[in-house]
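Enquirer: Chain by chain, the residues:
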Amino acid sequence: MTYNVNGKTYSIDCDPDMPLLWAIRDVVGLTGTKYGCGIEICRACTVWIDGSPEKSCEKKAREGVGVRITTVEGLANDPVGQKLQQAFIDVQAPQCGYCQSGMLMVATKLVRSKPKPTDADIDAAIGNICACGTYPRVRQAIKKATGQ
Amino acid sequence: MTDTATHPDDHAISRRAVLGGGLGVLATFVLHPNRAGAAPGRATSASGATSAAALGAAATGGTVSGWVRVNADNTVTIAFGGAEMGQGIMTGLAQGVAEELMVDWSQVRTEAAPPAQSYVTGGSFGVRRNLGAMRLAGAQALDVLRRAAAAKWKVDPASLTVKRGVFTNPATGAKLKFSQVAAAASALTPAASPPLTPQSAFRILGKTAKRVDLPSKVDGSATFGIDVRVPDMVYAAIKHCPTIGGSLAATPAVPAGAIAVVPLANAVAVVADTTWAAFKAANALSVSWSIPSAASKVSSASMLATQQALMASGTAGSPVAEQVGDAVGAYGSSAQQLEATYQVPYLPHVCMEVLNCTAHVTADSAEVWVPTQAPAWVVGTVQTVTGLPASAITVHPTLLGGGLGRKIEQDYVLQAVTVAKAVGRPVKLTWQREEDMGHDQYRPSGLVRVRLGLGGNKKVAAYQSRIVTPSPLAQRGWIGPTGNDNVDGAVELPYTFGSRLVEYVRDPATIPVGFWRSVGESINCFAVESAMDEAAALASKDPLTFRRMHLPAGTRARKVLDTAAAQIGWTTAPPAGRARGIALATGFGSLAAMIVEISQPTAGTMAVHRVACAVDVGFAVNPGQVVSQLEGGIIQGISSAQWGRTTFSSGRASSRNFSNTRLLKMRETPVITVKVIQSGMENLGGIGEVGVPPMAPALANAWAALTGTRLRTLPLFPSAGGMGD
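If you read the sequences in order, they're chains A and B.
This note's numbering numbers the first residue of the first sequence as 1 and each following residue consecutively.
This note's numbering numbers the first residue of the second sequence as 1 and each following residue consecutively.
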């Protein structure tokens with residue numbers, strides 16, 4: 001199988017039924033995308049497929065073929081992503097940091113589609129689970145990155 | 001206990017150890033221990049090995065060591081021996097060194113210290129216990145650097161000025177960077193007690209320093225334990241006996257798609273060439289377990305009945321945890337009496353990063369990469385499995401994707417090392433989420449019966465608390481058969497009660513219990529602060545007023561309550577349809593008052609709109625980080641109060657995944673304001689835990705105010721405890 005991840009081409013040899021999450025982490029070797037639940041609830045595994053946020057833990061490895069995959073490692077290539085990364089640092093949003101990759105992938109997509117997201121937009125978009133409780137600062141980071 | 005590795009003459013040993021690293025010009029120092037304070041039962045030996053006896057001893061001091069290294073580019077690398085799990089300890093301790101070393105924050109780098117110089121991170125002790133030692137290390141480093149520079153110029157060391165890691169000779173204007181004198185400095189013995197910077201001159205301590213670990217946490221480059229990759233590595237999954245207390249009856253054959261099956265006491269590990277292949281093979285594997293009949297009969301209902309019987313029968317030999325005056329007599333003769341029994345459940349930790357450990361064991365060495373709160377204990381665990389000397393064992397502590405007390409434990413380390421030894425290759429063991437929640441070492445369940453007797457003046461003349469819980473300390477053999485456990489939050493309350501009696505009754509339940517963020521406080525604060533509201537109602541007093549009646553003017557506790565009340569406007573009625581609840585927590589060296597404002601959007605559900613928090617931490621090393629930790633504690637406290645629990649049926653834990661273990665989400669998160677009070681450096685307190693315990697009673701108190709219904713059992717809304725996609 002051939003993958004396009006963050007603009008680079010990878011030749012992948014794995015079970016096509018393997019979850020895309022584990023293909024990215026163990027086979028491609030990009031570990032910024034996280035395992036949290038394996039059942040599409042926590043969203044730590046969020047990547048972009050053709051620019052759209054998708055939970056990778058129940059997608060199959062074969063679904064990664066013929067599409068553009070973007071992981072947190074490629075987020076800085078996106079101007080909005082880069083802005084959000086900086087805003088997350090500026091407001092000191094991450095605590096343990098484990099869920100923040102997924103949080104950033106979702107937040108960046110939100111801001112790309114809504115350049116000035118309201119609180120309600122943020123509430124609706126960010127369904128990610130963060131056990132540390134970084135939500136107030138993630139909200140603050142999104143506002144800061146969008147000049148609000 | 002032992003706290004060697006901290007003798008004054010250890011300087012030379014450690015200098016050699018680090019100079020041997022050959023990383024350019026190095027100056028290194030062992031930090032002196034900070035002998036003040038104690039963490040119960042946490043001690044490490046000089047070798048980094050940890051024996052059961054050492055762990056069991058009631059430690060009287062923590063061993064802290066670390067290094068300062070001056071790099072060729074005149075940056076400094078500060079080693080730290082704690083566990084960075086999101087609380088910012090890596091930054092807070094480095095601030096202490098940088099302050100005294102007279103470098104700018106931008107010059108600071110950090111790295112993990114070896115296990116022998118590490119310490120267990122828990123009890124909110126990380127910064128408050130070790131800051132003094134870290135400051136001393138910085139001052140000692142500056143002392144030898146200064147003397148080395150002065151020797152080059154043949155001037156009095158005291159005449160030099162220093163800024164941004166550069167000495168200036170005022171007589172000539174000549175400059176020397178730390179990096180230019182570090183080699184000479186490393187040959188000098190530092191002064192035992194060089195002067196420390198007075199608080200009035202702090203440049204870095206007390207200021208919000210940007211956390212050193214955050215850039216790596218937004219670009220995917222941070223290495224948590226689960227991200228470790230080493231050459232030739234294989235992957236293992238764990239499958240525990242689903243019944244707690246059961247054991248492996250027979251080792252299954254290696255299934256298709258797997259490399260090996262390794263028998264473990266209460267589990268099997270399945271090894272494969274990817275994580276998912278290991279998960280898949282483990283899930284499909286049919287395993288024969290040996291399950292004692294008593295284990296298969298364990299249920300929440302039967303355990304509750306046992307606790308109720310123990311509550312009725314009393315202490316069974318344990319000494320009273322606190323006794324002041326005659327609380328029994330005073331209660332009997334009091335004008336008004338409140339008796340209420342509060343119930344708390346077993347709670348899973350739910351770190352976002354599941355338990356994992358990577359290990360490589362050869363005939364004469366072992367190497368472990370692991371997210372751990374106790375690196376030195378890992379060395380002991382490896383020795384248990386391998387018999388290797390500590391000198392042959394290398395531990396790489398990684399960042400932790402949450403710790404919460406769960407990553408103090410050694411179960412997952414023991415498994416990984418055992419598997420690595422069996423397969424002879426590096427192995428990364430990863431627990432699936434279902435194993436992580438289903439085989440936790442849970443916050444103990446418990447019953448707490450509080451009696452408050454009010455005198456004619458409406459003040460508490462008698463306070464009694466009887467606590468029935470299983471004991472994490474006893475399960476580890478750290479206390480004897482009559483030792484007390486889980487009394488924090490019930491004893492040493494700040495209130496001026498006329499008399500006090502606190503008793504602990506040990507529940508012999510076999511559910512594995514451990515240390516959950518805020519430990520005993522998470523149990524007792526709910527009981528005591530709920531009872532205070534119930535007693536206030538009995539006395540026809542406002543809940544804030546009633547508490548203030550028992551807190552003299554000028555006390556820290558009264559000030560945090562008043563500060564929280566002022567923030568939310570306690571004396572002004574909340575908006576229609578909302579009610580407020582208040583609670584106070586003292587512990588971990590800090591005090592926190594919380595006021596919540598809630599509504600009931602639909603029958604039997606709670607929405608939390610606002611939380612006003614005031615916290616007295618004595619001195620805020622990194623004020624922004626204090627606020628972050630309180631925000632996080634508040635959010636975890638709301639989740640666990642509303643929904644958190646693990647129940648047991650036929651010996652099996654109910655918690656499996658987020659489908660039945662609910663955490664607060666963005667849209668449910670209230671507006672939180674945190675006011676940090678700094679009552680003085682002498683009161684330096686912990687911040688990791690104190691935000692959690694007051695949330696449950698504050699919410700229960702608000703619910704009673706809103707609905708008239710008093711909820712005395714946690715979680716408050718057990719039937720709402722699941723999440724969907």
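No wet-lab data here; the hints were simulated from the structure.
Among the hints, erroneous ones may be present.
To give an idea of the interface, some chain B residues facing chain A are shown, with a C-beta separation under 10 Å as derived from the structure [unchecked claim]:
(1) F202
(2) P215
(3) V230
(4) D232
(5) K280
(6) T384
(7) V671
Restraint ranges, calculated between C-beta atoms of paired labels, are given here [stated by the list, open to error]:
(8) B:A294 x A:G66: 31 to 41 Å
(9) A:K8 x B:P157: 49 to 59 Å
(10) A:G66 x B:R667: 26 to 36 Å
(11) B:K297 x A:K116: 23 to 33 Å
Each residue gets a CB set at the ideal place from its N, CA and C atoms; glycine is no exception.
Enquirer: All the hints need checking, so say for each whether the structure fits it.
Expert: Hint-by-hint comparison with the structure:
1. F202: 20 Å, violated
2. P215: 6 Å, holds
3. V230: This hint is violated: B:V230 lies away from chain A, its Cβ roughly 12 Å from the closest one there, beyond 10 Å.
4. D232: 14 Å, violated
5. K280: Hint on B:K280: holds, closest Cβ of chain A at ~8 Å, below 10 Å.
6. T384: 28 Å, violated
7. V671: Holds, because the Cβ-Cβ distance from B:V671 to chain A comes to roughly 8 Å (cut-off 10 Å).
8. B:A294 x A:G66: 31 to 41 Å: The hinted range 31 to 41 Å is violated for B:A294 and A:G66, with Cβ atoms some 56 Å apart.
9. A:K8 x B:P157: 49 to 59 Å: 55 Å, holds
10. A:G66 x B:R667: 26 to 36 Å: The hinted range 26 to 36 Å holds for A:G66 and B:R667, with Cβ atoms some 35 Å apart.
11. B:K297 x A:K116: 23 to 33 Å: At 59 Å between Cβs, range violated.
Violated hints, listed in ascending order, are 1, 3, 4, 6, 8, 11; each of the other numbered hints is respected by the structure.
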